[in-house]
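A.B. asks: Residue numbers (this note's numbering), protein chains in the order written: chain E, 2 to 143; chain F, 2 to 143.
Simulated from the structure, these hints should not be mistaken for lab results.
Heads up, some of the hints might be wrong.
The list makes no distinction among identical chains, and a pair is therefore deemed to hold if it is satisfied within one copy or across any two copies.
Said to hold, decoys possible - Straight-line alpha carbon distances no greater than 27 Å define the calculated BS3-like cross-link-like pairs of lysine-lysine that follow: (1) LYS14 - LYS72; (2) LYS14 - LYS4; (3) LYS95 - LYS14; (4) LYS14 - LYS135; (5) LYS5 - LYS95; (6) LYS72 - LYS136; (7) LYS14 - LYS136; (8) LYS135 - LYS95; (9) LYS4 - LYS135.
Since the model is a prediction, treat every value here as computed from it, not as a measurement.
Number of protein chains: 2
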Amino acid sequence: MLKKLAHIGIAVKDLERSLALYRDVLGMHHEGTSAEPDRQLEAAMLDCGGAHIELLRATSPDSVIARFIEKRGEGIHHVCFEVDDIRATLAALKAAGLQLVDEQPRPGVGGWLVAFVHPRSAGGVLLEVAERPKKQPSTGSD
Amino acid sequence: MLKKLAHIGIAVKDLERSLALYRDVLGMHHEGTSAEPDRQLEAAMLDCGGAHIELLRATSPDSVIARFIEKRGEGIHHVCFEVDDIRATLAALKAAGLQLVDEQPRPGVGGWLVAFVHPRSAGGVLLEVAERPKKQPSTGSD
Numbered sequence: 002m003l004k005k006l007a008h009i010g011i012a013v014k015d016l017e018r019s020l021a022l023y024r025d026v027l028g029m030h031h032e033g034t035s036a037e038p039d040r041q042l043e044a045a046m047l048d049c050g051g052a053h054i055e056l057l058r059a060t061s062p063d064s065v066i067a068r069f070i071e072k073r074g075e076g077i078h079h080v081c082f083e084v085d086d087i088r089a090t091l092a093a094l095k096a097a098g099l100q101l102v103d104e105q106p107r108p109g110v111g112g113w114l115v116a117f118v119h120p121r122s123a124g125g126v127l128l129e130v131a132e133r134p135k136k137q138p139s140t141g142s143d
Numbered sequence: 002m003l004k005k006l007a008h009i010g011i012a013v014k015d016l017e018r019s020l021a022l023y024r025d026v027l028g029m030h031h032e033g034t035s036a037e038p039d040r041q042l043e044a045a046m047l048d049c050g051g052a053h054i055e056l057l058r059a060t061s062p063d064s065v066i067a068r069f070i071e072k073r074g075e076g077i078h079h080v081c082f083e084v085d086d087i088r089a090t091l092a093a094l095k096a097a098g099l100q101l102v103d104e105q106p107r108p109g110v111g112g113w114l115v116a117f118v119h120p121r122s123a124g125g126v127l128l129e130v131a132e133r134p135k136k137q138p139s140t141g142s143d
């Protein structure tokens, strides 16, 4: 059902300090940093031999990342897997008894559709599933 | 410096129940389960499109996994990256100011050499580095 690992999300307090570790010391490639105002955070994506690390910094004390750090400290926040059909995946996970945070997929970064499964029903792991954006059909004009 | 993701280690209470989730519901391939008496745990390795999940169950209350679960509950325990030269990596990480749990590499599963970096110096992430076993040189008799 899960196709492959998309990324590992890590909650950090200071993005520049974390980039100094992951990019400068550990040698990962920093692909870019994007603001996510809807989720009140900014996200830096790094590549390490095809695996991705997503550093997440809260931009508001109400952000889920701020609340996570307040409760558990900095560290691994979630793990995200790519799926082919996120709606079919969510239906199957629900049928298997898992508790969904998002009953319907919602827009993520870069046009992906994403949804979270509650860690309560997944052995303490906050699991994200994500469907890659479909290529736009050609208009015939290009 | 880090070559690629080796696995994500997840602390679990009940290996069969966790396999029912990762193998049967999420569809990962269970490559095998090994006992690690030195670390007082058993480890089940699963593959998901080339990424690996390592489910870790304590076999003694003194195991680091038992202590982790007692303190933080079940969930993601560490993330492991493959490196080409673990001794050079540890020297570089130490020079960069990171605090090593293992100053020298120690034997891991399947002949790998492994070492951990303390989460205190890595933004709350327990980081493992691992060097793949070298192929034995041919004896000339085969």
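A.B. asks: Output the indices of the hints that this structure fails to meet, ascending.
C.D. replies: 4, 6, 7
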